[in-house]
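For reference, the chains in residue letters:
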Amino acid sequence: MIPEIGHFALILALCVAVVQGSLPIYGAAVGSSALMSVAKPAARGQFILVLLAFCCLGYAFAAKDFSVLYVAATSNSQLPLHYRLAAIWGAHEGSLLLWTFILTIWMVAVTLFSTHLPEAMRARILGVMGLVSLGFLLFMLTVSNPFERLIPAAADGRDLNPLLQDPGMVMHPPMLYMGYVGFSVAFAFAIAALLGGNLDAAWARWSRPWTTAAWCFLTVGIALGSGWAYYELGWGGWWFWDPVENASFMPWLAGTALIHSLAVTDKRGGFKVWTVLLAILAFSLSLVGTFLVRSGVLTSVHAFATDPKRGLFILIFLAIVIGGSLLLYAWRAPRVGLGGSFDMVSREAMLLGNNVLLIAALGSVLLGTLYPLFLDALGLGKISVGPPYFDTVFVPLMTPAIFLMGIGPLALWKKASLPDLAMRLRWAFGASLVTALLLPFVLGKWTPLISLGLLLALWIVTTTIVNIRERVSHLVGNSLTSCLAALPRAYWGMVLAHCGIAIFIVGVTMVKGFEVEQDLRMNVGETSTIGGYTFRFDGVREIKGPNYMAARGMFHVTKWGHDVTDMYPEKRHYSVQNQTMTEAAIDSGLLRDLYVSLGEPLAGGAWSVRLYHKPFIDWIWGGCLIMALGGVLAMSDRRYRLAWRREESLAQATPHPLGQEVL
Amino acid sequence: MKRFLLPLAIFVVVVGFLGIGLTLNPREVPSPLVGKPAPEFALPQLYEPQNTLSLKDMSGKVWLLNFWASWCGGCKEEHPVLMQLAKAGEVPIYGMDYKDQREEALAWLRRWGNPYPVIAVDEAGRVGINYGVYGVPETYVIDKAGMIRYKQIGPLDEEILQKKILPLVRELQKQ
Chain W
116 MIPEIGHFAL
126 ILALCVAVVQ
136 GSLPIYGAAV
146 GSSALMSVAK
156 PAARGQFILV
166 LLAFCCLGYA
176 FAAKDFSVLY
186 VAATSNSQLP
196 LHYRLAAIWG
206 AHEGSLLLWT
216 FILTIWMVAV
226 TLFSTHLPEA
236 MRARILGVMG
246 LVSLGFLLFM
256 LTVSNPFERL
266 IPAAADGRDL
276 NPLLQDPGMV
286 MHPPMLYMGY
296 VGFSVAFAFA
306 IAALLGGNLD
316 AAWARWSRPW
326 TTAAWCFLTV
336 GIALGSGWAY
346 YELGWGGWWF
356 WDPVENASFM
366 PWLAGTALIH
376 SLAVTDKRGG
386 FKVWTVLLAI
396 LAFSLSLVGT
406 FLVRSGVLTS
416 VHAFATDPKR
426 GLFILIFLAI
436 VIGGSLLLYA
446 WRAPRVGLGG
456 SFDMVSREAM
466 LLGNNVLLIA
476 ALGSVLLGTL
486 YPLFLDALGL
496 GKISVGPPYF
506 DTVFVPLMTP
516 AIFLMGIGPL
526 ALWKKASLPD
536 LAMRLRWAFG
546 ASLVTALLLP
556 FVLGKWTPLI
566 SLGLLLALWI
576 VTTTIVNIRE
586 RVSHLVGNSL
596 TSCLAALPRA
606 YWGMVLAHCG
616 IAIFIVGVTM
626 VKGFEVEQDL
636 RMNVGETSTI
646 GGYTFRFDGV
656 REIKGPNYMA
666 ARGMFHVTKW
676 GHDVTDMYPE
686 KRHYSVQNQT
696 MTEAAIDSGL
706 LRDLYVSLGE
716 PLAGGAWSVR
726 LYHKPFIDWI
736 WGGCLIMALG
746 GVLAMSDRRY
756 RLAWRREESL
766 AQATPHPLGQ
776 EVL
Chain F
238 MKRFLLPLAI
248 FVVVVGFLGI
258 GLTLNPREVP
268 SPLVGKPAPE
278 FALPQLYEPQ
288 NTLSLKDMSG
298 KVWLLNFWAS
308 WCGGCKEEHP
318 VLMQLAKAGE
328 VPIYGMDYKD
338 QREEALAWLR
348 RWGNPYPVIA
358 VDEAGRVGIN
368 YGVYGVPETY
378 VIDKAGMIRY
388 KQIGPLDEEI
398 LQKKILPLVR
408 ELQKQ
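Chains as they are written, first to last, in this note's numbering: chain W, 116 to 778; chain F, 238 to 412.
If we strip away everything but chain W, and leave its shape as in the complex, we get (with noise of 0.2 Å):
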């Protein structure tokens, strides 16, 4: 009964998403104020209703209903009820769902806080993501419903896939989808601008919070995947080029590239064109990564099950909106006109040089992970793209992005001297270099690549003190702190993010320069020493888990003579799906990592092996959460705040505090 309510609750919510796609729309065009008032009420009705069967769906799994297919394919009996519940986006069809949920959770968020829009502009965003959400909803009501019965019932279910058995699996899907369907807001934006024809600087300050939130949740998602990726499969790596790992980080370059170019758009009224070409790739870029997933055209380690009907679903879905999208753009963008005229060296230059390298980038990701399925489509024999290509592509387009990055939030807008800037920031880049020569040979070791990775990590620190030095000396503040605090939230967001980078880019640098690993068949009472720490290996105990037998492996780890740390890498076996799961025991730190993973049982009771010591790995994924909330400061910035009381006329009677033009 329960999942029949959560079936008909998502065919009466396709018919809500069929209202809200046309009405609002046609409301808009015609200037029906009745029509456009559908949209919010319609809105929030297709919410309750995906809830609904959100929930439904959640209760079939606590209640281990295996009558219900997916359920039955996806759980078993003996799986802890949290797994159970995150089960319900353990594969294909639940994943949908929790993506339509979503949309609706961003849906009712637009109609709470989207009370200043004009009301056309509110109808159309609206409208777009009913369309959107339509698309969906009509996917898995056809071929990839989560309700289908499983008459007779199955006796147990088949479990979840124990790589998902993890509390990092279940945080991360919600994120990034959250951060994929996130775009679709900005994307609304674009398109109900394009189609009312008013892409003005209001257009880009109304879409820069949502954009920013969107980027923050997909960076935290991106994170939260490769941090499980590091942990989970056991051999240490956290980042693999995977053609799924690529499909979440595409829009993530094509976000940034949108905050940036929304941020000329906002201050230069420049950029119109290129911002809305960019909201529709980011929210493309998210569409196209789910059907990268989905329809196995790609081999990839996040395989599910694949459909060749599903597939065909989603390309004919993926070609109606973004066909649809760019044919609109085609047909409207070139009325749009240009915005204010830049110097060569300016601002706006730079953040163009930044946006063009982001979707070069972008690019060359799109080709690394599509080349093989080109070259077999062609007939041209079977090939794999590895991360040799990405590292060599990755590298040199970066490098000048990031030096960009250094000299752009100090360069001014419209026109800058080049010698001015050489002049402020010689010391930054003096400074910078001495360093990242030099403090390799501390280290112990010295590559071209340590280097310039300290470099351009260096780079961003120095630039940004002498920006904030500059900002603050503009001030005419009493103390050094009220000077720090009158500086907008914007900013500070934009200093944290940057720095989030360089954070980020320091750990990638001492991981790929500095780690030690040791691959080698350890005896019971054997030692072995990497990285200073020694590891006593103390042989192995057999323990159960709820729905899994494991071995599990003994190390003490010392340092100098003194205790470290005991550490306990599993072996588990996953009875029910018959598969085997190394569980890594990481001992973390803020300068390094130790990690252990069992390898095979030998003869004799040795076991090969794994141990590496990681420096700095943690810096990886702390930087992303630091760029993360960077975004969240800049959101909270008081000129959106203010946007949002609908007081348009007492925001522009506030005087703008110093420092106003940030990014």
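You may find that some hints are simply not true.
[Unchecked claim] Here are some chain W residues the structure puts well away from chain F; computed CB gaps all over 12 Å:
#, residue
1, Leu433
2, Tyr444
3, Ala445
4, Ala666
[Said to hold, decoys possible] Each computed DSSO-like pair below joins lysine-lysine, with the alpha-carbon atoms no more than 27 Å apart:
#, chain 1, residue 1, chain 2, residue 2
5, F, Lys273, W, Lys497
6, W, Lys497, F, Lys400
7, F, Lys336, F, Lys313
8, W, Lys674, W, Lys627
[Said to hold, decoys possible] Short, incomplete list of chain F residues facing chain W, as computed with Cβ under 8 Å:
#, residue
9, Val252
10, Leu255
11, Ile257
12, Gly258
13, Leu261
14, Pro274
15, Pro276
Just so you know, these hints were derived from the structure itself, not from any lab.
No residue lacks a Cβ here, since even glycine has one placed at the ideal position from N, Cα and C.
Mind docking chain F on chain W? Use the hints.
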């Protein structure tokens, strides 16, 4: 106007490729073993563990070698196809029980039927390595001289059987 159509044009090309991609199988990798002699093996049989099955036992006839396991979902999917083929009797299918437990394999065959005249047990998966098995099920067509002529990765279906495997078998049987 033209430059504003450029994104759409690029998108159309990408969609075209994605559409073709849907009809292709990225896991279908040409096996280097096709056209080479089948690797030797001699393994205990599933029903009579005291007896062994080896490559030589099949020399002089065209036969299929099917890697399967009771834990494998794709094997159940292709099972009706194998049963039908066995009934038709056109070509024998020898089973290779891959990384499996004996009792479970026997129970599986009791439940779904046994299309194989003889099944060898590759418990450690070493023969699978020699044959370059990625995952089960995989099916090999081996000719009278013991050469691998075709390799099917993933479940067999009626279409592959009728269009690829049976015509090839008939041709090989004539030689």
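Hints, verified against the model:
no.: 1; hint: Leu433; verdict: violated, 7 Å
no.: 2; hint: Tyr444; verdict: violated, 6 Å
no.: 3; hint: Ala445; verdict: violated, 4 Å
no.: 4; hint: Ala666; verdict: holds, 18 Å
no.: 5; hint: F:Lys273 to W:Lys497; verdict: holds, 20 Å
no.: 6; hint: W:Lys497 to F:Lys400; verdict: holds, 23 Å
no.: 7; hint: F:Lys336 to F:Lys313; verdict: holds, 16 Å
no.: 8; hint: W:Lys674 to W:Lys627; verdict: holds, 23 Å
no.: 9; hint: Val252; verdict: holds, 5 Å
no.: 10; hint: Leu255; verdict: holds, 6 Å
no.: 11; hint: Ile257; verdict: holds, 4 Å
no.: 12; hint: Gly258; verdict: holds, 4 Å
no.: 13; hint: Leu261; verdict: holds, 5 Å
no.: 14; hint: Pro274; verdict: violated, 24 Å
no.: 15; hint: Pro276; verdict: violated, 23 Å
Of the hints listed earlier, those the structure fails to meet are numbers 1, 2, 3, 14 and 15, in rising order.
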